[in-house]
Amino acid sequence: MEGYVIKHSTTSKSQVCFCRLDFGFLRFYTSIDPSARLVGEFRLSGCKVDVKAVKRTDNIPFSFYVEAQRVLVKDRTYALAPKEIVELSGPTGEARTQWGRAIFTWQRHYFKEQVAMRPSDHERERLKLEGVLSAKAVTPDASPTSLGFRIPSLRKSLTSLFEVLTSRANVDESCFSSVRQQPVAIA
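Just so we're aligned, residue 1 is where the sequence shown starts under the numbering used here, counting upward by one.
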């Protein structure tokens, strides 16, 4: 199975990659081109694999994650290594389902043989996914710094205001001896 997906990362920004499932690995490339650079790979061979659909907080649709735990065998006992997780998004809901089924059953090859797609179809998928990413990049987060003020600067200005209002503040005595204004009559 192969096609374009969005590969999400907690350490860097999400990117559109060409993903290929072969020989127990999910391999991510920069494009469909045979000379494309390998961006990363995710091992499935020798692992307990789980695939689940997920709703992302940034509302990128058709997302799912793949969880793999290596099975370690030592002296007739089995142990599971820490989980490794990769989060992906497909171009459509059907593509997400196909990816999930293909990854979950990769050893048995229990997935439909993919009909060879034309390069223009792959390009259309890539452009659609890049459009989704760019639309999400333009939408600002509702973070405290986007409210128009920062908490430390607000705290500093409030502290100086309260300092003037306290009894220990240095108040000039001329404030108390000022001449009172006469009331104005309106006719």
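Take the hints with a grain of salt, since some may be wrong.
DEER-style ranges, computed between Cβ atoms [to be verified]:
#1 135 / 77: 47 to 53 Å
#2 80 / 59: 30 to 36 Å
#3 79 / 37: 32 to 38 Å
#4 12 / 77: 34 to 40 Å
#5 134 / 70: 15 to 21 Å
#6 77 / 31: 23 to 29 Å
Think of the hints as simulated: they come from the structure by calculation, not from any bench.
Glycine is no exception: its CB is placed at the ideal position from the N, C-alpha and C atoms.
Comparing the hints with the structure gives:
The hinted range of 47 to 53 Å is satisfied by residue 135 and residue 77, whose Cβ atoms lie roughly 50 Å apart. Distance hint check for residue 80 and residue 59: the Cβ-Cβ separation is about 33 Å, which falls inside the suggested range of 30 to 36 Å. The supplied range of 32 to 38 Å is met by residue 79 and residue 37, whose beta-carbon atoms lie about 35 Å from each other. At about 37 Å, the CB distance of residue 12 to residue 77 agrees with the hint of 34 to 40 Å.
For residue 134 paired with residue 70, a C-beta distance near 36 Å fails the hint of 15 to 21 Å. Taking 23 to 29 Å as the suggested C-beta distance range, the pair residue 77 and residue 31 does not conform, at roughly 44 Å.
In this structure, the hints that do not hold are numbers 5 and 6, in rising order.
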